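Engineer: Residue numbers (our numbering), protein chains in the order written: chain A, 1 to 359; chain B, 1 to 359; chain C, 1 to 359; chain D, 1 to 359.
Keep in mind the hints are simulated off the structure, nothing from the lab.
If you're wondering where the values come from, they're calculated on a predicted model, not measured in any experiment.
Just so you know, not all the hints are guaranteed correct.
[What the hints assert, rightly or not] A short list of chain B residues far from chain C (calculated; beta carbon distances all over 12 Å):
| id | residue |
| --- | --- |
| 1 | E38 |
| 2 | P165 |
| 3 | W270 |
[Said to hold, decoys possible] Only pairs whose alpha carbons sit at most 27 Å apart, straight line, appear in this in silico DSSO-like list of lysine-lysine:
| id | chain 1 | residue 1 | chain 2 | residue 2 |
| --- | --- | --- | --- | --- |
| 4 | D | K195 | C | K258 |
| 5 | B | K258 | A | K258 |
| 6 | B | K97 | A | K274 |
| 7 | A | K7 | D | K7 |
| 8 | C | K274 | C | K147 |
| 9 | B | K147 | B | K170 |
| 10 | B | K195 | A | K258 |
| 11 | A | K170 | A | K147 |
| 12 | C | K7 | B | K7 |
| 13 | B | K147 | B | K274 |
| 14 | A | K260 | A | K170 |
| 15 | D | K274 | C | K97 |
| 16 | D | K97 | C | K274 |
| 17 | D | K147 | D | K7 |
| 18 | C | K147 | C | K170 |
| 19 | B | K258 | B | K170 |
| 20 | A | K195 | B | K258 |
| 21 | A | K7 | D | K147 |
| 22 | D | K258 | C | K258 |
| 23 | B | K7 | D | K7 |
| 24 | C | K260 | D | K97 |
Ideal Cβ positions, reconstructed from N, Cα and C, are used throughout, including at glycine.
Protein chains: 4
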Amino acid sequence: MSSMFGKRLRVSLFGQSHGECIGCVIDGLPAGEPIDLEALQAFMQRRAPGGAYATKRKESDTPHIVSGLYNGHTCGAPLTVLIQNSDTVSRDYDQLKDQPRPGHADYPAEVKNRGFQDHRGGGHFSARLTAALAAAGGICLQILARKGIHVGAHLFSVGDVMDQPFDPLKVSMADFDQARTGFPTLSEEAAESMKGVIDAAREQLDSVGGIVECAVIGMPVGIGEPVFDGIENQIAQAVFAIPAVKGIEFGEGFACAKMKGSENNDPYMWQDGKTMLGSNHAGGILGGLTDGAPILFRAAFKPTPSIGLSQHTVSLSARRDAILEITGRHDPCVAVRAVPVVEAAAALAVLDMILMRED
Amino acid sequence: MSSMFGKRLRVSLFGQSHGECIGCVIDGLPAGEPIDLEALQAFMQRRAPGGAYATKRKESDTPHIVSGLYNGHTCGAPLTVLIQNSDTVSRDYDQLKDQPRPGHADYPAEVKNRGFQDHRGGGHFSARLTAALAAAGGICLQILARKGIHVGAHLFSVGDVMDQPFDPLKVSMADFDQARTGFPTLSEEAAESMKGVIDAAREQLDSVGGIVECAVIGMPVGIGEPVFDGIENQIAQAVFAIPAVKGIEFGEGFACAKMKGSENNDPYMWQDGKTMLGSNHAGGILGGLTDGAPILFRAAFKPTPSIGLSQHTVSLSARRDAILEITGRHDPCVAVRAVPVVEAAAALAVLDMILMRED
Amino acid sequence: MSSMFGKRLRVSLFGQSHGECIGCVIDGLPAGEPIDLEALQAFMQRRAPGGAYATKRKESDTPHIVSGLYNGHTCGAPLTVLIQNSDTVSRDYDQLKDQPRPGHADYPAEVKNRGFQDHRGGGHFSARLTAALAAAGGICLQILARKGIHVGAHLFSVGDVMDQPFDPLKVSMADFDQARTGFPTLSEEAAESMKGVIDAAREQLDSVGGIVECAVIGMPVGIGEPVFDGIENQIAQAVFAIPAVKGIEFGEGFACAKMKGSENNDPYMWQDGKTMLGSNHAGGILGGLTDGAPILFRAAFKPTPSIGLSQHTVSLSARRDAILEITGRHDPCVAVRAVPVVEAAAALAVLDMILMRED
Amino acid sequence: MSSMFGKRLRVSLFGQSHGECIGCVIDGLPAGEPIDLEALQAFMQRRAPGGAYATKRKESDTPHIVSGLYNGHTCGAPLTVLIQNSDTVSRDYDQLKDQPRPGHADYPAEVKNRGFQDHRGGGHFSARLTAALAAAGGICLQILARKGIHVGAHLFSVGDVMDQPFDPLKVSMADFDQARTGFPTLSEEAAESMKGVIDAAREQLDSVGGIVECAVIGMPVGIGEPVFDGIENQIAQAVFAIPAVKGIEFGEGFACAKMKGSENNDPYMWQDGKTMLGSNHAGGILGGLTDGAPILFRAAFKPTPSIGLSQHTVSLSARRDAILEITGRHDPCVAVRAVPVVEAAAALAVLDMILMRED
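Starting from the given sequences, assemble the full structure and let the hints guide the process.
Structural biologist: Below you can see the structure in the form of structure tokens.
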């Protein structure tokens, strides 16, 4: 397992779903950055379980900083956040050691870890770990904001229902604020339709996938460390750490495969004494470097693999087919709560690249 | 710039489009691996320029190994490959220092590198660098093959024309061989249609995008180092090093955002005394770990940004709008020659993960 | 700050002397390793404060594992150890923010961290952090022992008093056991003399330096990743993380600068059907690789910089010279308690290299 | 093998003694740095073979930069230097595959590399590789000099003969220049005595060890990334990449183990409106951070293991003892030519740390 991310900023995530606590260490933070703990708690609350469209697991998800903070500011030492696991009901998972859940890491994790995997609630592979990612990213978001860089996301789609997309050139703080109020969409009609799709999936003991769209505004031009640590490589590496992500695309993404160069190229214009872009098909990234337009990407989330419907699996001990009935508490659409987690992952990637810039 | 990749295996790419040579260093290769130089040359030939659907730039692209090989085998020392740049016509690019090409890294690279960017042919950002990536990956492919792991790709689509996809569970060496013969598709009809689309784009002085699909067969179960170095994170980091890639998806990818959990989950079956998968919507990856099914992913390539049509840009010196006419030699569809490069990138990522496994 | 170590095994240390807790995350541990918590506690006790020749600070130093352990075995997830800071008397340190202590990191840390340094007790620079290093190393020692690799150290010298050195070829578990009983020397006479030197320094409100010698036995031949991650590079990088270390030497070390090649070279002999070494001037390392003889190195510790004698310093606020009187509790000879910490640092370095070996 | 160094700046060394060429890639260099090729050549000449107190191997050691340089300046792309191996006489080494040389890496390298080691001239373990290290370091030295940071070294001792040491607080460019003229000492008398010692060793078909002392002046306060990448950890990791180094010490080093705290602590003084140090026992480093005084360290070099005297070894094929007679050309004292290599290693370590500083 390798749960460390970053070049200049290095983030280590730890914990298992049903262990004592989860958390993160952030090594390499600049000293002197004030951390607003209430704002951090509020950010994490957007991800926290307990809402109508989320798992019924109750967790207060209070980030507790045990190192790296002194008099309210980062002090240059590694910053460590602990988050207690309180509401763990491990008996829900006892059968899963023997009968791996389709769509989960249970089986390959058991193989990789030679039978020693902590299978309770998915262990280190659990979506619970995204609380630690959110804590790390939430701290980065505060530091980025003071540099004029803001990250925001919304639920782009659930099943066949689409939200209004971000305007590629004009996406703004107002859009981010809109998506942070209530259900994480820009359009209230889309929110209602999505809720209907999710409710229907839940009633069918099933789940549904979705797409999260994320933007970063205020980035200087020329940030990124190609060819292997360009902005796209970095964000992709961070975002694929979120369980259930199966695809990522920047700007036009897969759609640009059907486009002509004359359609997809973003022309430059001389405006207000500087070089500006006339469109943003590139998602703000050329050659792995920021080009001055908003960074824009979308991450595809698969439907929650834990569903109430019975499923075919195997019994590893009995060495035969088996039918699995999953009980326990699960989000019918993981993409909903993933919205702030995508922001957090993007924040880690972007702050690391900002700190890599030569000054 | 950060052109180094890998954890256990570490690959450093170097060179600029119009410099003396490009190449790579591979640090961390196991000793005692025979390297078949003819096979390496043949692999690189699939990427080489000169064909009907490629740039007219002539390069022999002969990989020259200057270290790390002794008596035909890796000797444990870093393996270095040099590839000469012979056919460089730098006058083609002289105006581009002032007038950045839309869709290229010219402008952000000039900002990042404070005016010292080697702009000739795109410098280090050029697709020419994929020859160095192909050399590194070609060596990894040979080592993987001896472990029973094979990587193959084909041109999944060009514009609106689609090739026959890989069968997610049954993709085989025969498919890979088929795609390596002539135009890189599984279907000959698709090849002819794609050629028509590319010819039409070329005649219009335009370009067109495409998608490359790649599979890895023979992977053991449980390979990958989640949460940040899982198979998806790793392959994504490597594949986004290929210029023009704007998206990547694994298994159903973006399509799974419209699916139900009951549709997308891959059931397990007990078959021939072991755990097998009944479908492969996950692209062979669960929780960042291989699950035993073929790894399957697709990378979206934008249309070549260098087109013959005149484009709007700016003159950085004159500080005003400008009209750019790009001359020089360019592929009308970069996805065609990218097919072996995607294999190479996947091979780097996969071999690194294989070497990370605890034994 | 960069408190992360290792290539394959990656250890992150965190915490400040007077923060809530200190600890470590170990990422990349193989799964299935049993961890004996009592043995870990006993190992850490050797470093713990409170003895006659140590600071009077009282700390139980109980390692509390909050992740990575399941049913008594490593489970493949990052292993996190927390150690509470209980007996922190921060008023002892209040003046030091203004008047940096000679020989401590106070002043450069304040500059580096732009005035935001947590100066209480030296913050992250405190020798208190070696408890976290000891926890990480203590876990590695248990894993190494099951591979037949053992690490032991003793107090080689204090001031002018020298212990009996390890026999370079025959150093054994019995020697390690001897040094773990009571005062950490091989010779009881040396122990008594050293205590006298330390007592005298304490009475003079002064401190004294020392040297720790460490051996690793049972290493296979050919371990190490030269040229930058050879055994010497690795151990040196780990050992210089211990505060107060000012030098490291392997085998004959500085003495070999006065030797002839014919004296210093270790001849090979064919014995019992294998290649053996006739002497061990090299400290078990040739070209950065283990050669089969015991690894042998010595680390020099400076005298504790915190002394009771008044010292010249400056007042940063008053911008003038000042006289500093340090109160508080300090070891008169840090080398004594450093003995197990050197073992811990060596264990981290060696286990990382063992895991890097290609199998 | 892991021949990559650095965090922000990443240097990859490659090549074998008798391969086609050796060289380095430097990834992460800032763009816009002019590189003076003549100065680089002159720097490398100080290390080059051919002088009276060096091997008779003839190498022009011309650094040939094939990437990363454009119009005489770094362009942000990885900078690659090639150095041809011209005068390779491999027959000198043929017997060594079977009969490993005492004091060399031959035997452990053969084990590590499973019999595939390029044994000719020591392969990648050869001191020949220090030419690549010198090239990388020589480039860093030029960049450091423009920041007011200078690195210089001299031959501190050979056998029992000692040069005049650097003045810990006042070491200056004049001292560096002195040591760069002729034999690398500060004192001409010491030079003559050392030559006598070396001549005597050569005549006895033997070799002799030595110590190199190195200083870095002009460093800002607070540079370094403790606890694992502090200045001492970094320099040690770099310097132990030089073959034959067996020890390193900073400031008083091993001598401080015999000192009292009151003797070893460096007092602060308020002088010229800033904080200054009254002595420099710490070698300019406190807690892994620069304190404003010159960085001062010494590296111990063992006597050249290749000697003309016959030595005991084994025949790996015959599985019995053997007597080895080494022919070929070897420095009787590797420390002499190592002086600029130590400067180069220090320059890599220091520039990496300078680039890590948050601005």
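Engineer: All hints, please: hold or fail.
Structural biologist: These are the hints, each one checked on the structure:
1. E38: 26 Å, holds
2. P165: Its Cβ never comes within 12 Å of chain C, the nearest being 34 Å, so this holds.
3. W270: Non-interface label on W270 of chain B holds, nearest chain C Cβ at 24 Å vs cutoff 12 Å.
4. D:K195 with C:K258: The hint holds at about 14 Å.
5. B:K258 with A:K258: 21 Å, holds
6. B:K97 with A:K274: 16 Å, holds
7. A:K7 with D:K7: Status holds; Cα separation ~8 Å.
8. C:K274 with C:K147: OK: K274 of chain C and K147 of chain C at ~20 Å, within 27 Å.
9. B:K147 with B:K170: Status holds; Cα separation ~19 Å.
10. B:K195 with A:K258: Distance of about 14 Å is within 27 Å: holds.
11. A:K170 with A:K147: OK: K170 of chain A and K147 of chain A at ~19 Å, within 27 Å.
12. C:K7 with B:K7: Cα-Cα ~8 Å, so holds.
13. B:K147 with B:K274: The given pair, whose Cα atoms are some 20 Å apart, holds under the 27 Å limit.
14. A:K260 with A:K170: Answer holds: K260 of chain A to K170 of chain A is near 24 Å, not above 27 Å.
15. D:K274 with C:K97: 16 Å, holds
16. D:K97 with C:K274: 16 Å, holds
17. D:K147 with D:K7: 20 Å, holds
18. C:K147 with C:K170: Measuring from Cα to Cα gives roughly 19 Å; hence the hint holds.
19. B:K258 with B:K170: Holds. K258 of chain B to K170 of chain B sits at ~24 Å (cutoff 27 Å).
20. A:K195 with B:K258: 14 Å, holds
21. A:K7 with D:K147: The hint holds at about 24 Å.
22. D:K258 with C:K258: 21 Å, holds
23. B:K7 with D:K7: 13 Å, holds
24. C:K260 with D:K97: 25 Å, holds
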